[in-house]
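The listed protein sequences derive, respectively, from chains A and B. Residue 35 is where the first sequence starts when you use our numbering, and the numbers rise one by one after that. Residue 35 is where the second sequence starts when you use our numbering, and the numbers rise one by one after that.
For the record, the hints were derived by calculation from the structure and aren't laboratory data. Ideal placement from N, C-alpha and C gives every residue a C-beta, glycine not left out.
Only pairs whose alpha carbons sit at most 25 Å apart, straight line, appear in this in silico DSS-like list of lysine-lysine:
1. A:228 - B:109
2. B:184 - B:158
3. B:459 - B:197
4. B:232 - A:184
5. A:196 - A:697
6. A:697 - A:459
7. A:196 - A:459
8. A:228 - B:184
9. A:199 - A:697
10. A:109 - A:184
11. A:698 - A:459
12. A:109 - A:158
13. A:232 - B:184
14. B:184 - B:109
15. B:158 - B:109
16. B:283 - B:158
17. B:228 - A:184
18. B:228 - A:109
Which chain B residues stay away from chain A? Per the calculated CB distances, all over 10 Å, these:
19. 191
20. 285
21. 340
22. 363
23. 369
24. 375
25. 383
26. 399
27. 499
There are 2 protein chains.
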Amino acid sequence: MVASSLLLAALLASPAFAQTFRRTAACPSLGCVLPPDQTDFIAGQTFDIRIEAQAPVNGSEAYNNGTPDEEFHLKIAGEGGQLVDVTEFFGLTEPEVERYNFTYYEDLFAEDAHAPTPVNVLAKSYRNLQLHNPGTYEVELTYNGGQTTKATWVVEPLADCKKAKNVIFFVGDGMAGSMLSAARLLGHKTINGKYQTKLKLDEAPGYGVQMTHSLDSFITDSANSASALFSGKKMTVNGLNAYTDSTGKAFGDPKVETIFEMFRRIEGGQVGIVSKAYIADATPAAVVTHTSQRSQYTSIIEQYLTGVSGNFSWYPWEGVDLLFGGGAENFLPGPGNNNVSQFDRWAGEGYQVGYTKTELEAFDNAQRALAIFTRGNISTWLDQNVYTDLLDLAITPQGERGAHDQPGLKDMTLKAIDILHTRAKERDTGFMLMSEAALIDKEMHVLDIDRALGEVLELDDTVRAVFDHLEEIGELEDTLIVVTADHGHGFDVFGSADTKYLQAQNSDRAKRNAVGIYQNSGLSAYQVPEGVNPTNHSIFTGPQGEGFPVTWDPRYTIAHGWAAIPDHREDYSVNTDHERVPAVKNTTGYFFNPEDNQRGFAMTGNLGVAEGQGVHSLVDVPVFAFGPGHELFRGVMNSPDLAFKVAQALNLGRNSNVTAPYKK
Amino acid sequence: MVASSLLLAALLASPAFAQTFRRTAACPSLGCVLPPDQTDFIAGQTFDIRIEAQAPVNGSEAYNNGTPDEEFHLKIAGEGGQLVDVTEFFGLTEPEVERYNFTYYEDLFAEDAHAPTPVNVLAKSYRNLQLHNPGTYEVELTYNGGQTTKATWVVEPLADCKKAKNVIFFVGDGMAGSMLSAARLLGHKTINGKYQTKLKLDEAPGYGVQMTHSLDSFITDSANSASALFSGKKMTVNGLNAYTDSTGKAFGDPKVETIFEMFRRIEGGQVGIVSKAYIADATPAAVVTHTSQRSQYTSIIEQYLTGVSGNFSWYPWEGVDLLFGGGAENFLPGPGNNNVSQFDRWAGEGYQVGYTKTELEAFDNAQRALAIFTRGNISTWLDQNVYTDLLDLAITPQGERGAHDQPGLKDMTLKAIDILHTRAKERDTGFMLMSEAALIDKEMHVLDIDRALGEVLELDDTVRAVFDHLEEIGELEDTLIVVTADHGHGFDVFGSADTKYLQAQNSDRAKRNAVGIYQNSGLSAYQVPEGVNPTNHSIFTGPQGEGFPVTWDPRYTIAHGWAAIPDHREDYSVNTDHERVPAVKNTTGYFFNPEDNQRGFAMTGNLGVAEGQGVHSLVDVPVFAFGPGHELFRGVMNSPDLAFKVAQALNLGRNSNVTAPYKK
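Please put together the full structure from these sequences, using the hints given.
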């Protein structure tokens with residue numbers, strides 16, 4: 035059937051068709067300018083420029099038998115000014131030209147046929163630059179016989195005033211709004227449709243959503259999206275504050291400075307990082323490190339301490355003030371770090387080093403600190419607080435089973451505030467803390483809904499505790515708190531499941547009839563702790579914190595599902611003795627895990643069979659803001675907007691190259 | 035494994051466990067008070083009270099061999115006052131006691147065993163009441179040997195001022211935030227991660243979300259949730275501005291007045307209803323009608339015209355000012371309406387009556403109007419604008435195939451504004467319009483993603499056009515525009531699908547490998563119309579309106595999924611020649627439809643096999659507000675809050691029984 039009224043509109047505006055694979059993700063044309071068209075900058079934000087002239091040998095974009103023209107150059111014009119050569123504009127000497135080649139597949143058919151497209155490249159990088167004057171900049175690359183790639187860059191206006199002294203930026207990794215609805219249902223109670231208590235996040239005076247898509251793809255990964263939140267620049271997948279160039283190498287890529295780095299450079303401010311993941315993971319890494327490959331864990335740990343290394347011109351970095359999380363595996367001696375223990379190295383640089391919650395709590399608040407509590411990720415809230423026997427299996431930094439002395443997100447975050455606040459006060463500056471509820475994402479990937487929602491509730495409990503603690507230490511009025519996610523997972527609750535009935539049935543189809551929808555969903559069966567006081571609407575307080583259910587295995591659980599699934603079995607019950615592994619690999623790819631949810635029914639997946647887990651999704655994710663500047667965070671935003679809003683609240687924009695002394 | 039730290043918390047706070055089936059949905063105890071505990075009222079809002087004393091014969095709540103005590107009575111106290119009998123408080127005479135019984139199943143096991151629980155009931159209703167003084171009211175029912183059910187009601191404070199003269203309330207039925215993310219991806223373009231144009235909704239200065247759960251269930255239907263939005267009272271499933279009592283009858287239930295009814299009663303304001311569904315459907319019906327059974331279509335059409343009928347004390351209703359939608363089937367002569375054509379009846383009452391877009395546009399703006407364009411629902415935007423051959427199958431109000439002269443949501447809404455504005459001006463009052471993008475929900479239920487997203491984009495285009503039109507007619511400054519959903523569906527986009535590759539594969543597992551995730555999602559392949567002007571960021575304008583793609587069948591489509599699914603096949607392609615029917619019934623329940631998506635791969639469902647469609651979900655849904663009072667609509671709200679905020683903007687709260695003359 036013909037789309038009748040559309041034939042007239044046959045001329046299409048954009049030549050960019052989606053392809054399964056891209057030549058170079060951040061380069062729509064053969065003449066590549068990074069940062070690309072449409073980039074916005076904070077005034078005085080440090081960045082690198084890279085230009086490439088590419089020539090594919092074959093395929094749909096073949097050029098000149100694969101030979102790029104030797105002549106290629108970049109011009110730039112400030113607002114109202116003339117285009118001048120980039121070297122003149124910034125007062126640089128012309129760098130050496132890089133020459134190399136790479137290959138890629140144009141689509142799945144080409145991959146199946148093992149028919150790659152080779153591409154030859156000429157490239158130059160200009161490093162450690164800043165634009166100081168707010169306004170619009172026109173940028174033009176000339177390449178391959180006079181073709182041009184044009185870019186418009188905008189330097190945002192300077193802020194009128196400094197609204198906040200401190201910023202705490204929480205990231206609920208993978209936390210879509212649907213998960214907050216579900217977490218609220220488990221941890222709080224309604225009477226006749228009215229919640230008697232709510233999430234702390236529900237009270238945020240600044241509220242909106244942000245779009246998480248990447249530079250080159252509408253589905254992001256966590257490196258890319260966290261970089262957008264922290265630098266104000268969308269990246270390509272796996273990129274940490276560095277645009278992925280075509281070299282395939284991890285460290286030459288053009289870098290952009292984060293708001294955390296700017297805060298340190300301009301104010302000498304205190305910077306701390308907390309995560310429940312292994313601490314070299316993408317979100318914590320995006321706070322201050324730079325690489326196009328988030329998997330460069332050894333370098334990331336080193337960058338936390340000493341900044342950008344190698345021959346890349348960048349300014350000095352004196353180390354984060356604290357780093358709390360999991361992932362001791364990346365601190366152990368190995369070939370990547372000259373067989374030196376990073377624990378020893380950090381201790382040698384004056385950091386307190388700890389491995390347990392007990393040691394964390396004993397830290398001197400005046401000293402910098404490194405605390406790593408587990409070999410991999412920190413244990414989930416559910417395992418630390420409910421199914422605690424599972425901690426017998428958790429691995430200590432030293433490699434032993436039985437990591438019982440682990441902190442939760444709240445413990446780490448409150449201690450981080452104490453250290454940052456104490457040190458900032460002594461140095462007459464402020465602090466910035468990034469605290470990540472990292473395991474929401476990890477548990478959503480493996481379809482372990484109870485563990486994921488436990489992490490969501492832990493984040494909410496942590497925000498509530500931070501709010502109270504900031505008030506106690508007199509910093510509430512000066513501290514902007516932002517809570518958001520880096521992306522979502524397609525997830526929702528659609529009813530209740532009578533698990534007793536499900537388990538009593540013998541066929542997959544009969545088991546599915548345990549699901550109650552609409553009126554048969556009923557009220558939440560996840561009971562709240564005793565001590566409830568609905569009359570004064572005080573928060574329900576349980577043994578583990580505020581706003582958690584006491585039952586994770588009621589007869590009537592939440593019936594729930596995901597938009598993107600591998601083959602798996604579903605029983606709508608909490609996994610009391612293990613974290614889920616929904617699918618395992620066989621010769622045809624990932625398939626139902628015979629050990630997982632044996633009492634459940636089978637669901638065939640809709641993802642490629644190379645995927646054994648769920649994946650990230652498109653949905654705009656929520657943004658919550660409290661404190662000075664919260665009013666900046668409202669409505670529908672784009673992920674980079676958050677960096678600009680934080681910069682505005684902290685007044686980070688500068689029309690000169692400001693460098694403040696930092697006192698260790 | 036034992037949840038170790040939770041044993042201490044064995045005393046649970048709430049006795050209400052979720053059950054698959056409820057005795058009486060709105061009555062947690064055997065002594066039933068409606069409106070229930072926790073109800074909030076607008077000052078002067080009209081409502082009924084009902085009390086019931088129930089006595090189950092057997093089961094977990096059995097009482098006195100199934101004999102409720104004859105003595106049961108209700109007392110009420112105003113803020114700071116003493117409890118007095120409800121008849122004294124309101125100056126009423128005691129109504130007659132109703133005596134009846136009903137049965138229900140306690141759970142799925144009881145249903146499988148055909149073992150119902152009989153319940154005997156005594157009940158009284160007090161009708162057509164108002165509370166005028168803001169403050170807290172304590173309500174106490176004594177029943178069954180001195181047991182009590184207590185309720186707290188709050189009458190909200192009066193507004194300080196009137197902010198808005200007119201209100202346009204858009205409902206995107208079933209529209210979760212994830213669908214806006216997807217619709218934006220199809221209808222708008224990014225360059226390097228920055229959208230060059232966006233949804234009109236993205237610009238809303240008032241932004242938040244609202245919780246859609248019901249009185250008795252965490253998953254709502256559309257009657258219930260629209261009633262919450264329009265009356266400020268959560269209902270039980272299928273209830274339209276009436277609390278479902280235990281009689282099982284449709285019309286005796288205690289009613290609550292909507293903000294549309296209040297606006298008419300207090301100001302004599304103009305009230306219009308527009309929907310793309312059959313016009314007796316739940317969302318339009320919730321504007322002014324009252325029944326516990328949304329399926330009472332014949333009564334609903336009659337109530338639009340003449341208000342509440344029968345012996346129920348309520349005030350007169352002079353008919354809606356306009357009604358535009360589908361559903362001629364409910365206007366035809368039949369036993370429910372004394373074999374009178376409702377078209378004739380409305381014409382006899384002075385309404386202009388039309389059946390086509392041409393007739394709609396020719397309506398006199400000074401006269402009341404009824405326009406019904408199709409036998410059932412109006413055709414989707416996709417069928418009206420892209421796959422227009424499908425209109426050959428659409429059925430006219432007269433029952434003929436080929437309903438080609440149908441309006442879209444924009445046509446109906448703009449004409450409605452012209453009529454309401456003209457008539458309101460002549461009568462020196464304002465107007466309220468409810469306009470529903472109803473088919474988002476219908477298409478989400480049948481997993482027809484392209485049709486659903488077409489409806490989302492049509493809603494956005496309509497809001498944009500309304501904004502411009504209000505400016506033209508000089509009403510923009512006086513008109514509050516609210517856009518929200520009544521509930522969501524668990525849905526998300528998680529990548530792109532190479533449909534060419536999918537169709538070339540021969541097995542289900544190989545077809546799934548057509549999905550590209552993360553970087554392989556790429557950019558949207560849904561092309562935008564020519565005439566794009568990215569430099570001045572003007573909206574892309576195509577032949578059908580603003581912000582629609584010109585391609586609905588690119589090679590690379592959105593890979594997407596739902597949290598709740600029946601058995602179905604997925605091919606990630608637009609259905610060009612039919613609306614989807616994912617599953618069909620066989621002897622074991624709903625099963626894969628062999629005619630649907632034959633090129634796709636099979637996915638087994640996770641819903642009970644009695645379900646052939648997707649179902650509603652828990653996710654909080656977005657709220658957008660423009661115009662005077664928009665600042666009231668921010669952050670995390672509960673669905674009833676919206677009615678209170680509209681009432682506040684319109685200053686509908688009154689401390690006396692105000693009745694203004696209404697001029698037809």
